[in-house]
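S.K.: Could you build all of it, start to finish, from the sequences and the hints given here?
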Amino acid sequence: MNGKQLLLAAIRNQPTPRPAWVPFVGCHGGNLIGRPADEYLKSAELLVDGLKKAHELYRPDGLPVVFDLQVEAEILGCDLQWAADVPPAVTSHPLSSMSLDDLPPYDLSRGRMPLILDALDRLHADLGDQVAFYGLVCGPFTLALHLMGNDIFLEMFDDPGQVKAVIDHAADVAIKTAGAYLDHKAAVIAVVDPMTSQISPEHFEEFVTPAVNKVFDAVRARGGMSSMFVCGDVTRNLGMMCRTHADNVSVDEQIPMDKLAELCRANGKSFGGNIKLTAVLLLGDERDAKLE
Numbered sequence: 205m206n207g208k209q210l211l212l213a214a215i216r217n218q219p220t221p222r223p224a225w226v227p228f229v230g231c232h233g234g235n236l237i238g239r240p241a242d243e244y245l246k247s248a249e250l251l252v253d254g255l256k257k258a259h260e261l262y263r264p265d266g267l268p269v270v271f272d273l274q275v276e277a278e279i280l281g282c283d284l285q286w287a288a289d290v291p292p293a294v295t296s297h298p299l300s301s302m303s304l305d306d307l308p309p310y311d312l313s314r315g316r317m318p319l320i321l322d323a324l325d326r327l328h329a330d331l332g333d334q335v336a337f338y339g340l341v342c343g344p345f346t347l348a349l350h351l352m353g354n355d356i357f358l359e360m361f362d363d364p365g366q367v368k369a370v371i372d373h374a375a376d377v378a379i380k381t382a383g384a385y386l387d388h389k390a391a392v393i394a395v396v397d398p399m400t401s402q403i404s405p406e407h408f409e410e411f412v413t414p415a416v417n418k419v420f421d422a423v424r425a426r427g428g429m430s431s432m433f434v435c436g437d438v439t440r441n442l443g444m445m446c447r448t449h450a451d452n453v454s455v456d457e458q459i460p461m462d463k464l465a466e467l468c469r470a471n472g473k474s475f476g477g478n479i480k481l482t483a484v485l486l487l488g489d490e491r492d493a494k495l496e
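Under the numbering used here, residues 205 to 496 are what the sequence shown spells out, in order.
Misleading hints may appear alongside valid ones.
[Stated by the list, open to error] Taking lysine-lysine and the BS3-like style, the derived pairs with C-alpha atoms no more than 27 Å apart in a straight line are:
hint, residue 1, residue 2
1, Lys-389, Lys-246
2, Lys-208, Lys-380
3, Lys-208, Lys-494
4, Lys-246, Lys-256
5, Lys-389, Lys-208
6, Lys-480, Lys-418
7, Lys-256, Lys-480
I should point out that these hints are in silico values taken from the structure, not numbers from a laboratory.
Note that the coordinates shown come from a computational prediction; the quantities given were computed from them, not determined experimentally.
M.R.: This is the structure:
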């Protein structure tokens, strides 16, 4: 069983000889090859070089081809502010001044999707038999927030029907993105929806669950594997995440793994979590990482 086979078995909740190892390499890939994020995330060649370097150094079982939750928003008309050390930030929200019907069509030939898919093709050709490449998709709620801005939180009370329409549209965007990744041989589709950590379980069930399930069902219909990844303290929504149709639920260091394991096992899902980023990876040593 090589690394890719091990990871896919783990996501399917099958026994494996060791835990699967997936470093969620984002801008760090650029750092590994001495290139800033605002160059790295705009170049297929640099993405390939950075991820090959990550593979050489870390020997992972899986890798994301890119970790940038602004890709879909950019195609839909959001302006981005670029920086050297972090992913771009969304600086404009089209639905603050236009209707949903006025948004540009979601065209996978626009923006940075072509270069990302080109990078995936190259990586799969060279490493696809050893490494499970992830296609990371901006989650429906986070994409809706990109489009609406912070008004989304008030509108969830004042005009919930409109918010649901935007989130449903964002789910359709996620399905198209996931389909493109699957067409280009991505092994796992991860729906990354960090802003869901800011809402209540009741709002998660009302606004998020139907949208993400629509995405996960579409991935499963294509024969793909899916993961839901939310960073931050998602304690209050952890049960809701584990009841979605995802094959896997992944969280960051703020969530106790024993609690996540209990909830995921009750729902027949695999699960994943982070090593502590600051205390262990930044300030610790090799022994700390092993103990973690």
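S.K.: Give a verdict on every hint.
M.R.: A quick look at each hint next to the structure:
1. Lys-389 x Lys-246: Holds - the C-alpha atoms of Lys-246 and Lys-389 are around 21 Å apart, at most 27 Å.
2. Lys-208 x Lys-380: Satisfied, since the Cα-Cα distance of roughly 24 Å is no more than 27 Å.
3. Lys-208 x Lys-494: holds (22 Å)
4. Lys-246 x Lys-256: Holds: Lys-246 and Lys-256 sit about 17 Å apart, inside 27 Å.
5. Lys-389 x Lys-208: holds (13 Å)
6. Lys-480 x Lys-418: Violated, because 32 Å separates the two Cα atoms, which is more than 27 Å.
7. Lys-256 x Lys-480: holds (24 Å)
Figure legend: structure checked against the earlier numbered hints; the only hint not met is number 6.
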